[in-house]
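**Q** Residues per chain, in single letters:
There are 2 protein chains.
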Amino acid sequence: MSDQQGKRIVLAERPEGMPTDQHLKLESMSVPSPADGQMLLRTIYLSLDPYMRGRMSAAKSYAKPVEIGDPMEGGTVCEVVESKLDGYRPGDVVLARIGWQTHGLSDGEGVRKLDPQQAPITTALGVMGMPGFTAYAGLLELGQPKAGETVVVSAASGAVGQVVGQIAKLKGCRVVGIAGNDEKCAYVRDDLGFDAAVNYKKDDFEKALAEACPDGIDVYFENVAGKVLSAVYPLFNEFSRMPVCGLIAYYNMTGTPEGPDQLPGFMRTVLTKRLMVRGFIQFDFAPLMPRFLEDMSGWIRDGKVRYKEDVVQGLENAVSSFQGLLEGRNFGKLIIQVGEDPTQG
Amino acid sequence: MSDQQGKRIVLAERPEGMPTDQHLKLESMSVPSPADGQMLLRTIYLSLDPYMRGRMSAAKSYAKPVEIGDPMEGGTVCEVVESKLDGYRPGDVVLARIGWQTHGLSDGEGVRKLDPQQAPITTALGVMGMPGFTAYAGLLELGQPKAGETVVVSAASGAVGQVVGQIAKLKGCRVVGIAGNDEKCAYVRDDLGFDAAVNYKKDDFEKALAEACPDGIDVYFENVAGKVLSAVYPLFNEFSRMPVCGLIAYYNMTGTPEGPDQLPGFMRTVLTKRLMVRGFIQFDFAPLMPRFLEDMSGWIRDGKVRYKEDVVQGLENAVSSFQGLLEGRNFGKLIIQVGEDPTQG
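If you read the sequences in order, they're chains X and A. The first sequence runs contiguously to residue 345 in our numbering. The second sequence runs contiguously to residue 345 in our numbering.
For the record, the hints were derived by calculation from the structure and aren't laboratory data. Treat the hints with care, since some could be wrong.
Identical chains share a label here; the pair holds if one copy fits it or two copies do between them.
No farther apart than 20 Å at their CA atoms in a straight line, the calculated lysine to any residue pairs in the SDA-like style are these [what the hints assert, rightly or not]:
(1) 169 <-> 304
(2) 84 <-> 216
(3) 7 <-> 292
(4) 60 <-> 215
(5) 227 <-> 260
(6) 202 <-> 181
Whenever a hint applies, use it, and build me the whole structure from the sequences.
**A** What follows is the structure in structure tokens.
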């Protein structure tokens, strides 16, 4: 340990419902020193993503929960401060997963060096990173959109949704975004080129969605569920596909919700429309990562894919920002700037 | 028209909930005479299948509903009485779809001649017919069972379920059947060779199902839904598959049922287990029919697939038998014998 002080946010208690600073506690820590084969990383940017809510619960899921007392997990863009690891030098900028803290040690596993000349380093947490890859793999491998089909995506202005819609446009589809306010709807329609966007908080949401999908829905990329799913499923065409990426509407739900029971209506659609529903997590598609990086860097370079980031200053704002993410208050890929960015003027 | 009188059951009124003889009316009719290019068929056996409940409702589904006043649809094994159609002679036994009536005309479309020497003619309505093909296509194409995996099937002693389980055994799987009484459970376990069978009407059903699936569930062939589905889905393994063939528990449901809402729990399983759910109807797989007929006739000849039929005498008993089918009171493939079987004694 050095004398230098850092900060971190640990999981103090498992939340039921919305996590607060009772569950996620900001605390001081001594900055550790690297042993041989390790390096000390300083966090520049921390990615906040909806999947983190799952890691706070003890329930069985596709990844192990964070242990009580441990720092919360998360993808980070870091600067190497001190290195006793071959191939890394102080000043290098890397993509790592040191979590919700200002400093952390790494043995290099799962770390990737970033070239700030090639793309802004924040994009490694968004459009060129896990969320972008999630959109790419889920839409193309499971959604299998064909030119002329209608693709609907929920949380449309979010880190994943904005990429899903733009790739679907590149594939020649009619793209309809669903988002939670008019500003987000205007953004995906006017700035990203979606054909239509519908605000799910408006009273006429179901009617507006149906009008935005005059030929029905062939692919629904699910990030949200809840009332959005209830409005979507009656519009499915025969042989439609529904990749299930996230269920934000349920993440803070405690217990089994009251009725009416939506499962029979959903299953009737599955049967009569021969709907294909498939949950996924991006790491199931890891072999596609090189193809993704090549395709996506090309699309960004050619201006075919654009992106929006929502950068919040300070680790101390991570908990309230995460709450906002679960409630849809962010606008674009949510990133916490934890420390100084050496690539910025 | 000849002077001969026949009988038929027409859809007099669309049922809400369980259909009765108020909705399905038995009436007399004059037996029609064939025009050139037609033949007159006499029904020997009528197949009763759960899908018919869907045809009684006006709701949009994968097939058009039966019109009010028309005879109910259905697959039949018939004898040719009179033929003005090349290739068919009086006495020929054919698979046709003349519906719930003693006589009907056919122009030969969709008709297949049966060879009573090769297999009992009733099997064309069951194990060698639509239900057998449904089992074959849904299990193999969508369920994709691998040796050593656990396959669960509901309505396990029914026309489709009994075939699903036996094919899964042939593929080297552990097979667990779910049925509604102990006699059916004993049949699929002791006579058909399933590894285990569980009675869903018992109080300890959920526990018994979990015990019968110590390694979880990899494939669930859905015929029923309702409380059976609720017990199944917590047991799914990662990357499991759920072909959705039928939803008998919902067929007589009116309106949206009260809570609790099961959709969030089901969708959580879809996401965290990367479950694949896919509705289907056998005619989507029509190109596989020749391979099915070859495989299935071989399996039956070699004693690898057995079958059970539940033959009820008399068209006048079709309505009560159909009610029994929706309530699980039949035992094996339900068939109505409408007229004399010339291949018997």
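**Q** Is it within, between, both or neither when you check residue 84 against residue 216 at 20 Å Cα-Cα?
**A** neither (58 Å within a copy, 45 Å between copies)
**Q** Go through the copies and call it for residue 7 and residue 292: within, between, both or neither, with a Cα cutoff of 20 Å.
**A** neither (34 Å within a copy, 65 Å between copies)
**Q** As a check of your reading, is residue 169 near residue 304 (CA-CA no more than 20 Å) within one copy, between copies, both or neither?
**A** Answer is within: at 10 Å inside a copy they meet the 20 Å cutoff, but 51 Å across does not.
**Q** Indicate which option fits the pair residue 60, residue 215 if close means a Cα-Cα distance not exceeding 20 Å: within, between, both or neither.
**A** Cα proximity of residue 60 and residue 215: across copies only (16 Å, versus 39 Å in one copy).
**Q** If the cut is 20 Å between Cα atoms, do residue 227 and residue 260 qualify within a copy, between copies, both or neither?
**A** both (12 Å within a copy, 15 Å between copies)
**Q** Give the relationship of residue 202 and residue 181 under a CA distance limit of 20 Å: within one copy only, between copies only, both, or neither.
**A** within (9 Å within a copy, 49 Å between copies)
Hint compliance for this structure: hints 2, 3 are broken, all remaining hints hold.
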